[in-house]
Amino acid sequence: MDFLVAREGKVVSIGEVVFSTVFNTISNLLFSNDLAGLEEKGMSSGLKSHVRKLMLLVATPNIADFYPIFAGLDPQGLRRKLSKLVEETFAIWAINIKERRNSYVHDSPKRDFLDVFLANGFDDDQINWLAAELFSAGTDTTATTIEWAVAEILKNKEVMKKVDEELEREITKNTISESDVSGLPYLNACIKETLRLHPPVPLLVPHRATETCEVMKYTIPKDSQVLVNVWAISRDPSTWEDPLSFKPDRFLGSNLEFKGGNYEFLPFGAGRRICPGLPMANKLVPLILASLIRCFDWSLPNGEDLAKLDMKDKFGVVLQKEQPLVLVPKRRL
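In terms of our numbering, the sequence shown opens at residue 655 and continues consecutively.
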């Protein structure tokens with residue numbers, strides 16, 4: 655919040671600010687260090703840049719996945735690029751692991767995940783891949799969800815009014831804590847509606863059929879790659895009334911949750927391969943979103959009309975806004 659206070663009256667990228675905030679939350683859980691700077695711009699440098707480049711490479715279609723004859727080759731150089739980028743990424747936090755391993759004392763108090771990993775005898779390779787998994791699963795998806803939520807709320811005046819009234823009524827102090835979030839049903843309904851319209855990973859992660867099976871008269875051979883189109887499921891008019899409109903009220907008094915138990919609403923997937931970033935997103939998204947709306951008034955640059963906000967999306971591993979959300983903050987508290 656201090657960064658936004660210092661930027662009052664100036665243009666800020668909501669996605670970039672939230673990305674760095676989430677990134678540093680994860681890096682502090684892992685290493686007790688901030689690894690991303692809020693002042694960094696775009697994808698120019700640092701670990702933040704590497705994680706985003708990794709996501710872009712993973713999203714790039716690989717010819718070898720579609721033509722088995724190329725399986726042993728690397729026709730696009732993706733494997734080589736990915737290997738190099740992974741090596742560079744691991745090197746960034748290698749110093750943290752090395753220093754902690756050298757100074758680690760068994761049975762000492764555990765202050766972060768790295769201490770727990772070392773206490774359980776994890777080697778550097780295991781720690782590297784676990785860290786990479788947490789960063790990749792939790793950063794872009796969480797930041798993108800918050801960016802979409804802010805855009806949808808600001809674009810819809812009536813929704814903004816209800817969110818504002820709820821925050822004014824329920825939050826009596828200047829800061830918002832995790833315990834406050836459960837008392838904000840309308841804000842949480844806005845988050846669910848955002849996840850319905852803009853699922854962070856529209857096709858989920860790829861699955862594989864363990865056995866040959868039949869689904870709706872279609873035969874799915876064993877070992878087939880299976881993609882679940884949650885974007886289409888969440889906009890199915892046979893399930894959702896007025897599916898293309900942002901209507902958080904549809905979730906008020908509803909038992910629909912995003913934890914995998916309702917097949918019409920699966921923004922994070924379901925079962926054993928449900929998104930590993932779900933527990934963290936469930937805590938961070940409402941906390942950050944409530945803080946952004948409660949602490950600041952937001953406007954578009956040059957006084958443009960928020961109701962005309964461009965909501966086009968850009969398809970990828972993560973469903974992002976085609977035009978990044980840039981706003982001007984004005985401090986309220």
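Because the hints were derived from the structure by calculation, they are not lab data. There may be inaccurate statements among the hints.
Computed beta-carbon distance windows for the label pairs [unchecked claim]:
(1) 910 with 937: 17 to 23 Å
(2) 892 with 664: 45 to 51 Å
(3) 657 with 720: 29 to 35 Å
(4) 826 with 707: 24 to 30 Å
From the three backbone atoms N, C-alpha and C, an ideal C-beta is built for every residue, glycine too.
| request: Please test the hint of 24 to 30 Å on the beta carbon pair from residue 826 and residue 707. | output: 44 Å, violated
| Is the hinted range of 29 to 35 Å satisfied by the C-beta distance from residue 657 to residue 720? | At roughly 44 Å between Cβ atoms, residue 720 and residue 657 fall outside 29 to 35 Å, so the hint is violated.
| CB of residue 892 to CB of residue 664, is that within 45 to 51 Å? | Taking Cβ atoms as reference, residue 892 and residue 664 lie about 46 Å apart, which means the hint holds.
| message | Holds or violated: the 17 to 23 Å window for the beta-carbon distance between residue 910 and residue 937? | response | The hint (17 to 23 Å, Cβ to Cβ) holds, given that residue 910 and residue 937 are roughly 19 Å apart.
In the structure shown, a violation is registered for the earlier hints numbered 3 and 4, in ascending order.
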